[in-house]
Amino acid sequence: MPANEISFRIGGEAGQGVESSGAGFCQALTRAGLQVIGVPSYFERIRGGHNHYSIRAANREKPVWSVRETVDVLLALNAETVAEHLNCMSPNGVIIVDEDTDLEAMQSELDESDVQLLSVPIKEIAVKHGSDVMTNTAALAVAAAVSGFDVKYMMSVIEDNFRVKGDKIVNANQAVAQEAYDLATDQYGLLVSEALGDRESPPRLSLHCNTAFAMGTLVGGCKFVAGYPMTPWSSVLEYLSGHAAGWGMVVKHAEDEIAAVNMTIGAAYAGVRAMTGSSGGGFDLMTEGISLAAMTETPLVVLLAQRPGPATGLSTRTAQGDLMLAIYAAHGEFPRIVLAPHTPEEHFFAAARALNIAEKYQCLVIVLTDHYFANTVTCRDRSLFDLDAITVERGKWITAQELDDMDEYDRFAVTDDGVSPRVIPGSHPKAVFLTTSNEHREDGHISEDPYVVVDQISKRNRKLEGMRSEIRPPLREGPENADLTMVTWGSTYGPALEAMEILNENGGSANMVHFVDMWPFPTRAVQEALSDAKRIVVIEGNITGPLAHLIETHADIPIQERINKYDGRHFTYEYILAQLED
Amino acid sequence: MATLQEYAVDIRPTWCSGCGDFGIWNALKRAFVAAEYDPQDIVMVSGIGCGSKMNDYMRVNGLHTLHGRPVPVAQGVRLANTARKVICVHGDGDGYGEGGNHFLHAARRNMGIVDLVENNHVYALTRGQYSPTSYKGFKTSTSPFGVLEKPVNPLGLALSQGATFVARGHSLDLEQLQHLIVEALDHRGYAFIDVMQVCVTYNREMLYDWYREHTYKVDENGDYDPSDWDAAMKKAMEFPGGDRVPTGIIYRTEDVPAYEEGEPTLEAGPLVDQPLRTRPWEDYQILLDEQM
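Heads up: the protein sequence lines correspond to chains A and B, in order.
Residue numbering for the first sequence is 1 to 582, as defined by our numbering.
Residue numbering for the second sequence is 1 to 292, as defined by our numbering.
I should point out that these hints are in silico values taken from the structure, not numbers from a laboratory.
Worth double-checking, as some hints may not be accurate.
Claimed, not checked - Facing chain A, according to a computed beta carbon distance under 8 Å, are these residues of chain B, among others:
| hint | residue |
| --- | --- |
| 1 | Leu79 |
| 2 | Leu266 |
| 3 | Leu288 |
Note that beta-carbon positions come from the ideal geometry of N, C-alpha and C, so glycine has one too.
Generate the whole structure from the sequences, applying the supplied hints.
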């Protein structure tokens with residue numbers, strides 16, 4: 001195992017609290033000043049089956065961007081977890097099980113391996129102080145003890161997270177943790193090569209990208225959100241439903257995604273900042289509404305959280321298969337923006353930025369995220385979430401005084417930049433107008449006059465010029481003129497970055513070109529970044545390579561090598577390194 | 001006070017001469033004047049169909065949307081700006097076919113919008129196919145041997161889903177229709193009006209005489225109690241199916257709060273008038289504290 005870091009994995013049945021235990025442990029590790037990432041892997045079911053949660057914690061300054069495929073400490077809440085993950089264990093890895101776990105079926109494999117199997121009365125300890133639901137707490141405390149991680153960080157997380165359930169639950173969990181920790185310290189002591197410890201670090205958050213995005217909508221002044229639950233977008237809807245009342249927002253769980261997008265359009269038309277979101281099929285249902293927003297020039301922000309398709313696909317897994325969907329969804333021709341944030345803080349700022357761009361150009365902004373981002377807990381410096389860096393830009397509005405001086409207000413006035421000033425419908429005697437999904441005149445009334453049609457279509461598509469100016473060039477990471485250039489977007493950023501660092505630390509020469517704003521395609525910047533590259537490898541979580549295709553067709557740069565992963569599982573740096581070697 | 005002239009625009013409707021939409025058009029404008037609304041107070045959200053072009057032909061805040069979708073759009077407008085009177089105007093294909101799901105949920109949700117469905121029992125703008133309310137056996141271009149399905153019962157559907165204002169009018173009786181719209185505008189929650197209307201081009205079997213022969217007013221004897229849900233359901237089940245078409249306010253209760261009355265954020269007034277960030281700037285640090 002690498003120095004200064006430990007790869008943990010917690011496994012059990014759905015319903016055993018694998019994910020909440022994992023996320024809580026991430027929080028404790030973050031409070032200890034360590035660098036942490038936590039990724040769940042679960043099936044589409046409420047009970048039973050096998051779920052697991054992987055955590056990588058490192059006592060170092062540099063962030064960890066990816067979990068490892070090898071496991072140093074496995075917390076097996078059932079026998080199946082041992083069978084499932086035994087072959088991932090690192091040399092002398094530690095497996096923690098309850099003493100009553102029946103491991104007879106895999107005894108010979110366990111005997112042949114060099115794992116250190118700890119059979120601990122974790123359930124008994126849990127029941128003694130509380131109930132068997134606290135078994136996870138006991139297992140985590142044992143893991144902490146043998147990893148050299150101080151239990152006090154667990155205690156503080158237990159106190160904060162269980163406070164709503166009352167002192168009794170807090171005390172019981174803490175007693176369970178303490179006894180299990182003491183027992184493991186006495187019996188086993190440190191079982192890994194180096195104690196995890198703790199370190200002085202700046203204040204850090206431990207959060208999902210969906211949470212970061214939802215926070216960004218609140219800070220960005222979004223007032224209305226309508227949506228329908230669908231994995232992996234639901235947690236945004238849930239976070240905002242929980243925060244709406246205190247933060248001046250109205251959140252509507254609609255009857256379906258069609259209603260959700262149309263409610264959002266209605267609210268935005270009426271003058272409030274609004275957004276919606278969904279995943280695959282739910283987003284498909286919204287495409288008709290997206291086209292309505294385009295014709296009526298209603299600002300619309302849609303979060304598209306990708307998961308593998310087609311159809312229901314793998315509902316609790318990840319993919320990057322919807323890039324072309326985001327760029328081309330909905331009928332008719334109209335300009336749009338597609339953003340693809342790659343870190344929690346980027347998700348936070350993307351929300352506010354999307355709201356601004358949508359209002360500035362009265363256009364569609366799609367923010368692409370994915371299941372990996374939605375569920376991965378990452379620790380990030382709090383200073384990266386600078387609230388003052390979020391400004392509100394609402395675009396062109398006409399004032400009451402300007403209306404007083406006008407003969408007539410034209411909502412769809414033909415302008416040089418294609419953007420016609422808005423007004424809140426009905427806010428002034430002259431602010432009374434029609435907005436229609438039919439082609440229309442400057443005053444909004446329906447028209448099929450070919451000159452009017454051309455004027456309006458040209459006007460709407462002229463916005464593209466301004467919208468292009470919002471697009472940022474791809475990020476460049478690593479040294480210039482490297483032998484290898486990895487090209488990525490979205491969630492492949494972290495694993496590729498860590499792979500690049502490892503290559504360069506070991507005498508290799510690699511750099512990265514990472515796309516952050518996908519559309520309008522930053523053609524010139526891409527040509528600048530890639531035309532002199534010696535060896536380009538495009539890394540994407542899909543089979544057809546949409547980014548590679550966009551680079552070839554728009555920037556005219558041939559792509560010879562691609563690494564595509566479409567098993568529903570996220571990338572790791574180990575996977576990328578192995579593929580590059582092949 | 002607004003006058004009929006203020007609702008006029010210089011655009012001529014594209015409707016066929018003799019179309020029921022003319023009657024609904026006039027009843028709407030008269031109702032707005034009678035209820036003392038100015039054009040700027042009204043947001044008229046429509047779908048797609050002949051009658052959905054209503055807001056192209058009058059001076060109101062109009063939002064002419066997609067086939068089947070005006071109801072959710074109208075609910076979004078309502079939540080964003082409770083200071084406006086939001087009225088949905090769309091046809092039977094729009095409201096009971098493409099938008100059928102939205103209709104069910106609007107009825108139980110009880111948001112304060114008026115939902116006026118122009119029900120001519122046929123698809124007219126797409127040139128004569130059968131609609132969700134076409135009677136069984138009706139021959140059209142998509143039912144050459146006659147419709148095989150039973151028609152939708154809009155009043156019964158609305159009532160069964162808990163609608164708090166259920167009415168039926170028709171395009172021949174402007175006085176009654178105007179009255180129904182005025183009452184609907186005054187209703188606290190979701191006010192649903194099924195407006196039966198002639199289509200002189202594609203439904204030649206339900207013309208003016210048919211209406212004269214089949215419709216009657218529920219309160220013609222002065223003994224109908226619109227607060228009696230069971231009686232209302234009985235009336236709703238009379239048509240389609242029977243020969244007589246009850247009209248008027250079939251059911252009404254003002255005892256059920258509108259959806260938006262329960263929305264905590266709207267206690268501070270219309271959303272559109274609230275600041276984008278409602279809390280002191282330093283409070284926003286709490287969002288970060290929560291993730292520590």
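Legend entry - Hint check against the structure, violated hint numbers in rising order: none
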